[in-house]
Amino acid sequence: MSTESDRLNRKLAVVLPALHSAADVFMEHPNPRGVYVEYLWTVYWIVRASVPLMQTALAEAEKLCDRDPVAKGLMAYLPGHVEEEMHHDEWLLEDVERLGMDRKVVTGRAPSATIASLVGPQYYWIKHTHPVALMGYIAVLEGNPPVATAIDRLIERTGFPPEAFRTLTEHSALDAHHFDEFNQALDALPLTPDQSALVGVSAMHTVASIARLFDEIVESVAARPYRRSTSPAADMTGVD
Amino acid sequence: MDAGSMDPQETQAALDQLAEELAGSDFRAALTKDPTGAATAAGINVDTLPDGLLGTLGLMSDEELKIVARVQQSFKGSIGDAVRVAILF
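Line order of the protein sequences matches chains A and B. For what it's worth, the working numbering labels the leading residue of the first sequence as 1, then goes sequentially. For what it's worth, the working numbering labels the leading residue of the second sequence as 241, then goes sequentially.
Mixed in with the good hints there might be a few duds.
What the hints assert, rightly or not - Pairs of lysine to aspartate or glutamate residues, derived as EDC-like cross-links and limited to a Cα-Cα distance of at most 20 Å, are as follows:
no. : chain 1 : residue 1 : chain 2 : residue 2
1   : B       : 306       : B       : 256
2   : B       : 273       : A       : 194
3   : B       : 306       : A       : 194
It should be emphasised that the hints constitute simulated quantities derived from the structure, not laboratory data.
Please model the entire structure based on the sequences and the hints provided.
Right under this line is the structure:
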């Protein structure tokens, strides 16, 4: 008999190629420095929301836990994961600063509608359906860690210092462990069929939204010929 | 998801047709009841589809299938492909 995590991962395997395809285009963009800086901005606003999302889910689960075993199960898993994800938005900003840029380049630019449409539905489902929806979102973010060879290629293509890739490097090392924990937690939840479908919808919506974000990163950065500028800021403005 | 030794063009044609059918609510409803029967009735050559794909689609709710259909419309030609590369989130 298959487990809940098996079924979720089978569902995700149907749509993940769309995300891999979008990431391929990102990786081979002719302006790797430009797309990496745009990537940092995008991921900052996603990671910035991770802990608040989980705290919101925890608060909703707490309201339900006396009569809802799934909510009770979330209360056993989420606090530890909040701890694990704490301050990762700060890692992103430190990566930006290691590129010689002011963190306000990222924090001072509001997130796009597509970023909001990735994160926003989670608040809706948590508040108005069931906090277990967030497990679909976490499945995608924890289940698809950066791969070391891809990070190395990005470092090589950008010519940026490896120290400016801490967020990717750390997640590459940590997420496999986090995903094992996640799968165990998901499999321990006595989900109803409707809750299982909600987790699936949340997960597949997350995949589609992240694929769209990769497309937007690629589209928003001018396809200038690759050059190793001495000034990261110049790669954003096009002026050395 | 592995189409084994099938002709890749035949597999892709079947995947494209499946993706097109997923946009229809009647097909999605039939798929959740009998994935192979629904696909066969729609004229899809199910023998050329990647192993397990229909069974996986049969596990999905209508809303999940709608997302699969939307993803396929937005990112043509990617349904059921083998997982290939690293991603960065």
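Verification of the supplied hints:
1. 306(B) - 256(B): holds, 15 Å
2. 273(B) - 194(A): holds, 16 Å
3. 306(B) - 194(A): holds, 16 Å
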